[in-house]
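Protein chains in written order, with the working numbering: chain A, 1 to 80; chain B, 1 to 308.
None of these hints come from the bench; they were simulated from the model. Treat the hints with caution; some may be incorrect.
[What the hints assert, rightly or not] Listed next, the in silico BS3-like pairs over lysine-lysine satisfying Cα-Cα at most 30 Å (straight line):
# : chain 1 : residue 1 : chain 2 : residue 2
1 : B       : K248      : A       : K46
2 : B       : K175      : B       : K163
3 : B       : K138      : B       : K281
4 : A       : K6        : A       : K73
5 : B       : K281      : B       : K164
6 : B       : K175      : A       : K6
7 : A       : K46       : B       : K103
8 : B       : K175      : B       : K281
[What the hints assert, rightly or not] With beta-carbon atoms standing in for the labels, derived distance ranges:
#  : chain 1 : residue 1 : chain 2 : residue 2 : range
9  : B       : I86       : A       : A8        : 34 to 40 Å
10 : A       : L71       : B       : S109      : 51 to 57 Å
11 : B       : L78       : A       : F51       : 20 to 26 Å
12 : A       : S11       : B       : N169      : 43 to 49 Å
13 : B       : R141      : A       : L33       : 27 to 33 Å
14 : B       : I292      : A       : I75       : 38 to 44 Å
Idealized CB from N, CA, C, for every residue including glycine.
Chain by chain, the residues:
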Amino acid sequence: MKAEQKVAARSFFIELLLYAVLVFAYVFFVVGLLGGWVHQVYEQHKIVYAFAALTLIVVQGVGLEIITTALFKLIRSRTE
Amino acid sequence: MDFLISNTHISPVYLVIIGFIIGVLGGFFGVGGSFLAGPALFAVGVPMNFVVGTDLAHIVGKSIVASKKHRALGNVDLKLGLIMVIGTISGVELGAQLIQRLKGLGQASVDKVIGITFVIVLISISAFVAWESWQTIKMQRRSKRAKKKSVKEDESAFDHIAKKIHSINIPPMIKLPVSGVERVSLWAILSVAFAGGLASGFLGGGAGYIRMPSLVYVLGIPTHVAVGTDLFEVVISASYGTLTHAIKGNVDIVIALVMHTGAAIGAQIGAASTQYYRGPKIRLAFVPLPLIGAALIIYGLLTGRQMK
Chain A
1 MKAEQKVAAR SFFIELLLYA VLVFAYVFFV VGLLGGWVHQ VYEQHKIVYA
51 FAALTLIVVQ GVGLEIITTA LFKLIRSRTE
Chain B
1 MDFLISNTHI SPVYLVIIGF IIGVLGGFFG VGGSFLAGPA LFAVGVPMNF
51 VVGTDLAHIV GKSIVASKKH RALGNVDLKL GLIMVIGTIS GVELGAQLIQ
101 RLKGLGQASV DKVIGITFVI VLISISAFVA WESWQTIKMQ RRSKRAKKKS
151 VKEDESAFDH IAKKIHSINI PPMIKLPVSG VERVSLWAIL SVAFAGGLAS
201 GFLGGGAGYI RMPSLVYVLG IPTHVAVGTD LFEVVISASY GTLTHAIKGN
251 VDIVIALVMH TGAAIGAQIG AASTQYYRGP KIRLAFVPLP LIGAALIIYG
301 LLTGRQMK
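This is chain A alone, in the form it adopts within the complex (with noise of 0.2 Å):
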């Protein structure tokens, strides 16, 4: 493997591993906080609960990137 190709791959995936890592904490952040708050609006609002759901879903994939991409350059300027 050339030597810019073990760079990409080693960045990649700690890219990944930093995501990965937000991924999980976010699920557990909704799970624990937001829970019952979820259930309750389903129970009682269901357009609320069908946007409210969709900008879960969306902030899981969109914003938890944006925020890798962010820390991964902010520890790339460090170490450099």
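Given the coordinates of chain A, work out where chain B should sit on it, guided by the hints.
Chain B alone, transformed into the frame defined by chain A:
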């Protein structure tokens, strides 16, 4: 772990592993993976209405992650994706209307007609993609041209069909620079999207198993761009589906979030892996996916258990 919304008890480890497998497949092939996620949720006791809605919610998250990754790799044709949304929504509506008509004949008839149609479509796609990608790989070996080309430059033994479609001169004609298509009729794009939408509305799921090969063979879109653009389209259609199903109370978002932890990581790996494989090899690896879906439906038809 108890999931209060759907009133089920499922191991979160199971959900994360299922999500991871579907994430890798989705990121690599541009499919939603409902043909695997549906049976996997149903098998652990999730009611069928929650299976459909929750699967869609998890598909949204996974497809966002994968299409974002594909966009960074230059594999998403936004113009093509946005045009296709119009055709897809019309197709989904017609598919749903057809189901309503079939319901008049009774639930057993609905299951049988949909099941048999689905099996025929899936086996046909699998056989055709296997034949075409194998022919292309053989053609590339003979000419040894593939070695000179970059991984993303695509070639297909079926290129002449896409060229014929491009030569159909029904205005308005569209240029797709990202996909490398000089001229194609808007109606050709809408027809492909409509067919995918019809399959989605009539047979269920995101219908990536139809859309991805159609983009490659009918519109002549390079495989990498077809995968990325299909995922982008899935984000929009699955978001719409999630909202409507959630309003009807069919989405357990906590199950979707737990599944998505695995799917988000898997989708990143799947999407990143596409840059190391040529188009025909990606298409050849795609072949078993529709067959797995077909096997699950045949099992459901024979045993009377709904697996989709």
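Subject >> Distance restraint hint 34 to 40 Å, applied to the beta-carbon atoms of I86(B) and A8(A) >> reply: Taking Cβ atoms as reference, I86(B) and A8(A) lie about 38 Å apart, which means the hint holds.
Original post:
Keeping to a limit of 30 Å between CA atoms, is the pair of K248(B) and K46(A) held or broken?
Top reply: holds, 7 Å
Original post:
Quick one, are K175(B) and K6(A) close enough, alpha carbons at most 30 Å?
Top reply: Given that 30 Å is the threshold and the Cα spacing comes to 38 Å, the pair is violated.
**OP:** Return holds or violated for the Cβ distance of L78(B) and F51(A) against the range 20 to 26 Å.
**Re:** Since the Cβ atoms of L78(B) and F51(A) sit about 24 Å apart, the hinted range of 20 to 26 Å holds.
Original post:
Between S11(A) and N169(B), does the beta-carbon spacing fit 43 to 49 Å?
Top reply: holds, 47 Å
**OP:** Indicate whether the distance between the beta carbons of I292(B) and I75(A) respects the range 38 to 44 Å.
**Re:** holds, 40 Å
Original post:
Holds or violated: K138(B) with K281(B), Cα cutoff 30 Å?
Top reply: holds, 11 Å
Original post:
Does the alpha-carbon distance linking K175(B) and K163(B) stay inside the 30 Å limit?
Top reply: It holds: about 14 Å lies between the C-alpha atoms, which stays within 30 Å.
**OP:** Please work out if K175(B) and K281(B) have their alpha carbons no farther apart than 30 Å.
**Re:** holds, 27 Å
Subject >> K6(A) paired with K73(A) [C-alpha distance capped at 30 Å] >> reply: holds, 18 Å
Original post:
Does K46(A) pair with K103(B) here, judged by a C-alpha cut-off of 30 Å?
Top reply: Given pair K46(A), K103(B) holds - Cα atoms ~27 Å apart, limit 30 Å.
Original post:
Is it true that the CA of K281(B) sits at most 30 Å from the CA of K164(B)?
Top reply: holds, 24 Å
Violated hints, in rising order: 6, 13; the structure is consistent with all others.
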